[in-house]
Amino acid sequence: MRAIFIVLAACTGTVEYTPDPAQPDPFTTLEQQQEGGPPRYTSRVHGCVKMRYATLGNLLASRGVDLTAADSLSAGAIYRGGEPSLGGPNFAARERENIAIGLATSAKQFDIFAQAAPEIIASIASRPECAGAPLFDGAGRCLARGISCLIGVPATPSHVDICNLTLARAADVESGKRLAVAVLTAAAHTCE
Amino acid sequence: MKALAIALLAACTPDPVAPAAHDEWDDKLADRVVDYNAALRIAALRLTGELPTLAELEAVAAGGQPAYETQIHSYLASPKLARQMFLFWQDTMKLGGAPDLDSAPAFLAELSTQDRSYLEAFTAPSGTCPSYQNMTITPGDCANGGVTVGVLTHPGMNAKMFSNFGFRRVRWLQEVFECSKFPAEIALTATDVGGATPYTGMFPFTSIADSTVNFLDVSSVVCANCHSNINHIAPLFAHYDANGQYQPDIAVPTPQPGSPLAKLTDYLPPGEPLAWRHDVVVGDMRSLGMAIAADPATARCAIARLWNWAMSKTDIVDGAQQVPADTIATQVDAFVAGGHRIHDALFRIYTSDDFVRF
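Chain order of the listed sequences is A and B.
Residues in the first sequence are numbered consecutively from 1, following the working numbering.
Residues in the second sequence are numbered consecutively from 1001, following the working numbering.
Only chain A is shown next, with the shape it has when bound in the complex (with noise of 0.2 Å):
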């Protein structure tokens, strides 16, 4: 059976040069119908795509960290050399950004956020786009205003209690902010 699909799209490849990108697996769509439901259903609701490369870059500097940093093991060094794997376009063989989401552009977008958080918690509140809005009270708690501006909508009281009780179970206070904000930045963002 999938030998026809090949001999068929085979039809206008005899003349080609070079083979275009690999095209999806009509049982695989399938299947996905299956379970997704059906196009009038699908077509009609939110997917969940990866955040796109050159999106990405801009939520990270436009909430405080530096995709300039020369540290290797910067959030804005693994942003800069992690195009590859986090699905960045590759024009030169007609294949556009993918957008799918994959097991190693969700770890690759992990690290960043692990890596970035120190920089989002010092730097969120002085951004423009957060109006003065820290992550943090004094008193190590978690504030909403902040949160809301990390995540892209308003924190509702479960983002804050789940922050409080990242931070509550962490050995120390400032590795429970780091896993606190790479965590509600990674929930919020694995889907642009």
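What the hints contain is simulated information worked out from the structure, not anything from laboratory work.
Since we're looking at a predicted model, the values are computed, not measured.
Idealized CB from N, CA, C, for every residue including glycine.
Hints should not be assumed to be uniformly reliable.
Computed spacing ranges between beta-carbons, pair by pair [said to hold, decoys possible]:
(1) Glu174(A) x Ala1061(B): 27 to 35 Å
(2) Ser1074(B) x Ser106(A): 25 to 33 Å
(3) Leu30(A) x Ser1074(B): 24 to 32 Å
(4) Ser106(A) x Ser1211(B): 25 to 33 Å
Fit chain B to the supplied structure of chain A, relying on the hints for placement.
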């Protein structure tokens, strides 16, 4: 085998289907609730490439729909929209990374952000090679000879999609701007042409050539199912060489020893006219552009792509992210009635009932 092949081909055709009976998926759609806060985040990321600011968040949280719509207007008026549309068209067209390639998506971004018709993408007689830098699009003309017809004559596109017979350019055109792979047309009645599978094209089977390459071959697959359309278009693209420069004579090779240049009779029998579709004869690149602009599928594809972009879907062709006609019917109608303004279409999409419900 023939029945199976017909069924498979038919499955690829976006023919209207009878409405499905009410089911669990309708219930799920009905269960969605309006959330302008969530909608704002996605709209900001798409239209500006950035998260909403805290002030924007708080304004929409307090002001609801009017505040949300005001914010969408603001995003659409921002210079950041040019950047986002440029990136959108880079991805859509699979062209970018160098100035000569970037100018094609820059041209589409220019049309998308200004009060201009999207159909100029297929008809514009000049100004199709602008440059893009730092959210600014600077008008510019292409300098590759011949007439200018939107992106159809774009030097970067024609260079990047160079191939034997120029077929890759035609395939690019079909997939990017018509939102489907070849075959572009499928007859309601299949024809037995002696192969393992039937012929399902709309042109007469013998309307394409069988000389240098036998496009009428049926020994493995019926090549004419795709090539009946491709061969009626490709000769117009065959005048652009490997660098995308227009040449008076055909400038693309054939897959033969020594790679000789193609001839018109390699595509079509003598006397067979060029055509966009089986009932739309064209004479030159300009009339091809006009035919594409007049094809309802072109406007539908544009809206489907913008819809998928807004709704966080992967590519409509490569990712098989179908958008049924019913889903975007009102959007398409408004797009056509409003003169094919993408800028206006974006506002309608980002304020649509489906976009603001979760």
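We went through each hint and held it up to the structure:
no. : hint                               : result
1   : Glu174(A) x Ala1061(B): 27 to 35 Å : holds, 31 Å
2   : Ser1074(B) x Ser106(A): 25 to 33 Å : holds, 32 Å
3   : Leu30(A) x Ser1074(B): 24 to 32 Å  : violated, 42 Å
4   : Ser106(A) x Ser1211(B): 25 to 33 Å : violated, 53 Å
Hints 3, 4 from the earlier list are contradicted by this structure; the remaining hints agree with it.
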